[in-house]
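Protein chains: 2
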Amino acid sequence: MVRFPMTTEARLPHEEMQALIERGDAEAVCEQLDDLAVEDIRYTIHRLGPAEKVRLLHLLSEAHSDTAATLMEHFGDSQAANLVEDLPAASAASILRELDSDDRADILRAVEPDHAQRIIQRLDPEDAADARRLVAYPSNSAGGLMITEYLAHRATESIQSVLFDLQRHAEEYARYDVQYVYVTGERGELLGVIRLRDLVLTPGDRPLSQILIPNPRHVRVTDEQTQLQAFFDEHGFFAAPVVDERGVLVGVVRRAAVVEAQAEQAGRALLAFGGIIGGEELRSMPTRTRILRRLMFLCPNILLNLLAASVVAMYEPTIAAVTALAIFLPMLSDMSGCAGNQAVAVSIRELSLGWIKPRDLWHTLNKEVGVGVINGLVLGFLIGAIAWLMRGEDWPLIGVVVGGAMCLNSVVAVVIGGTVPLLLRRGGVDPALAASPILTTFTDLCGFFLTLQLATAVLL
Amino acid sequence: MVRFPMTTEARLPHEEMQALIERGDAEAVCEQLDDLAVEDIRYTIHRLGPAEKVRLLHLLSEAHSDTAATLMEHFGDSQAANLVEDLPAASAASILRELDSDDRADILRAVEPDHAQRIIQRLDPEDAADARRLVAYPSNSAGGLMITEYLAHRATESIQSVLFDLQRHAEEYARYDVQYVYVTGERGELLGVIRLRDLVLTPGDRPLSQILIPNPRHVRVTDEQTQLQAFFDEHGFFAAPVVDERGVLVGVVRRAAVVEAQAEQAGRALLAFGGIIGGEELRSMPTRTRILRRLMFLCPNILLNLLAASVVAMYEPTIAAVTALAIFLPMLSDMSGCAGNQAVAVSIRELSLGWIKPRDLWHTLNKEVGVGVINGLVLGFLIGAIAWLMRGEDWPLIGVVVGGAMCLNSVVAVVIGGTVPLLLRRGGVDPALAASPILTTFTDLCGFFLTLQLATAVLL
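Sequence lines, in order, name chains F and D. According to numbering that gives the first Met the number 0, the residues represented by the first sequence are 0 to 459, in order. According to numbering that gives the first Met the number 0, the residues represented by the second sequence are 0 to 459, in order.
Some clues are possibly wrong.
Once the Cα atoms are required to be at most 20 Å apart in a straight line, the calculated EDC-like pairs of lysine to aspartate or glutamate come out as [claimed, not checked]:
| hint | chain 1 | residue 1 | chain 2 | residue 2 |
| --- | --- | --- | --- | --- |
| 1 | D | K356 | D | E223 |
| 2 | F | K356 | F | E171 |
| 3 | F | K356 | D | E38 |
| 4 | F | K356 | D | E14 |
| 5 | D | K356 | F | E15 |
For the record, the hints were derived by calculation from the structure and aren't laboratory data. Quick caveat, the model's predicted, so the values are computed rather than measured.
Could you build all of it, start to finish, from the sequences and the hints given here?
Here's what the structure looks like:
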């Protein structure tokens, strides 16, 4: 590996860290981490290689499992899962023990099932039961986003006893970010909610049933992320109770978890749009994994390109007669792709924000056609002028051919670019991943055909 | 406009809404909004045309300004600003009055300054002063993200008096999402913070100075979004006090505001990656705006394409001799672009998460070269095989030429794709917007040169 060029005489934090891991000095690692700002910690641990990360976590899991857990939170779920798979079950369990129930479940969900079971067996019985339950929910549902750390009291208890409980367990509850106390009935069913600030303002000898807000707003454990987003958009709550199909309180989903899942999703959409399949790619992943995942996107793309190439092959005699066309075909392909990808991006964005629905094909088509026609005229004129200036002496009408094809193909590009994401979403395919390859296949096919057919008619 | 095909006999919500706006029936509009779920409200108002949106807001601004304000929150800031610019200052003021101070400032920041002044003059004096102050901060700084609705009390006050104040203004404060009480000194400087739950647990006759957490964690009004992200990553707080350069408490920034800004940014990065300049594009924007903004990205792209085209032009005699090359040049261009864009996407993602820094050119290059070589061999072999199968009879070595060029160009593509975003970020240019056009210019230039030079050497 080429060495990073040194700008100062001192070692960079991740090189320092590498040396400490090598020495197996957990204390010194913790000291170094204490000295670093969060941004630097995040950067430093991501610069470590996969084996170094595992060794670091293993090292800390014995006496510093809380620190190891903090580091774990800096990794995406799939990467954290990969690291956990390389740790002995006992080390993994002592780290995961320190995490919030939702983060723990997110990781365990992605760990190979047998290893996950071995880890879960080593958790405290209560945590283990929670983990088994949470792992079963899809990661972006209320069940997957909720935490099981919350305060629930029976409706028959008195305010005083709740305050007493709060006081006694103040330290433990500090981790829970307590804002609400949930009130349940006999079977654990959700009866009401009490805001902490209302507890403050009420004499303490009355039962909770007298001050609770009855039939509180709640979400269902099966609710999906978009439903949760809508819920928190509508209500200003910090958190919402989650109930199962029998109305039993099973967890609490925090607004922050939903917004973070949304940010996460937008980030992954950008990766998919760039042709990265299967979520996160990190440069610290094993090279083999990265190569295979990238090829999974590139290889099908060759086949799509072959379709467009076969159109060109059909018109080889035309190209032999007007070789200048070879100059403009790649340009036409690129410009059409760009024009169409603008429409793809807008459609993906509008879909993800709920501003259009998959059924709005006509609406989208209408909105794009106008843009396509005008932009087609502008781009067609410009590219036509370039073609005429470059090769007009030999083929006087080449500008008309290339410009005309560009103009028509711009309309095709924005119409396909605008509507394909809607169709893909309807079909349950991620538009960010598939729309662009489909778009460029069509625009190439169509653009090459238009140019070469026009050329055959006009120039030959 | 082509009509949306009706699936039921009833009118769709936005058609119903259009009719009510046409009639000027504010009461009926409010009733319709009450009947719709949030998702449907968001969708419905986005389906209205720009003029209809303005008329709707104007209609509601008289007797239903709270409803108008709720609708305003569904629009992005720049779109909300456009709508506000089309409203009379008095209507705009009565709507903006209902918004939280941060949302109000976000919109006013984007409104044309004279009109913004006219609106601010019509707000309550206190709100107006806040708005003038907040508008001056950049939107993604602590100043731009903070709210000015928070509870601050002097250190000399007693707990009892704070609780009394809470009780008296319970309704008003409910809007503030009170979790903390901030304690200030003589000059308004931040002395400490008290969690609401600690207020509950302490006898009421002591002064705040005895129970406050002194020197609380805070952010500076000039802190940028990445610093705020790091702050909230490090600390589990719901909100952080914001102080100015003199240590005076000037606002409170909520975790949710920071995470939402992050999600917003990731969404805009996807748009930029698709070639949409200048933030949000909505299909409900005026067509002329959309056309101009899209052309601002496409036109410079023509010039970049011209660079690549001029390489092909230089080799026209080679193409005249081996016309099959015209079939494979667009394919090579597209595949190289795809391979490079994967690296672009990963770099943008890693940069935005703080996992790599703009200076990590060597690290990124090292990580990409390996992937590029292997993927280059695979893609080169496949495309070479295709070329040989398609045209091997006429030009036996064409597979070697096309495959060899593809192989080499894959390495170029991932190296440029991986590093250009870092260089752009160093130069203060948005990598999501500029990296892909720069990448494809280079990969085209280089790919065409490699193919045609190899062809000239081997096939002629």
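Exercise for review: Starting from F/K356, check that the Cα of F/E171 is at most 20 Å away, please.
Suggested key: violated, 45 Å
Check your understanding: Taken at face value, is the distance from the CA of D/E223 to the CA of D/K356 at most 20 Å?
Key -> holds, 16 Å
Point to revise | Restraint status (C-alpha distance of F/K356 to D/E14 at most 20 Å) | key: holds, 15 Å
Point to revise | Pairwise hint evaluation, D/E38 against F/K356, where the allowed Cα distance is 20 Å at most | key: holds, 11 Å
Check your understanding: Taking only the CA atoms, is the gap from D/K356 to F/E15 under or equal to 20 Å?
Key -> Answer holds: D/K356 to F/E15 is near 18 Å, not above 20 Å.
Consistency note: the structure conflicts with earlier hint 2 alone.
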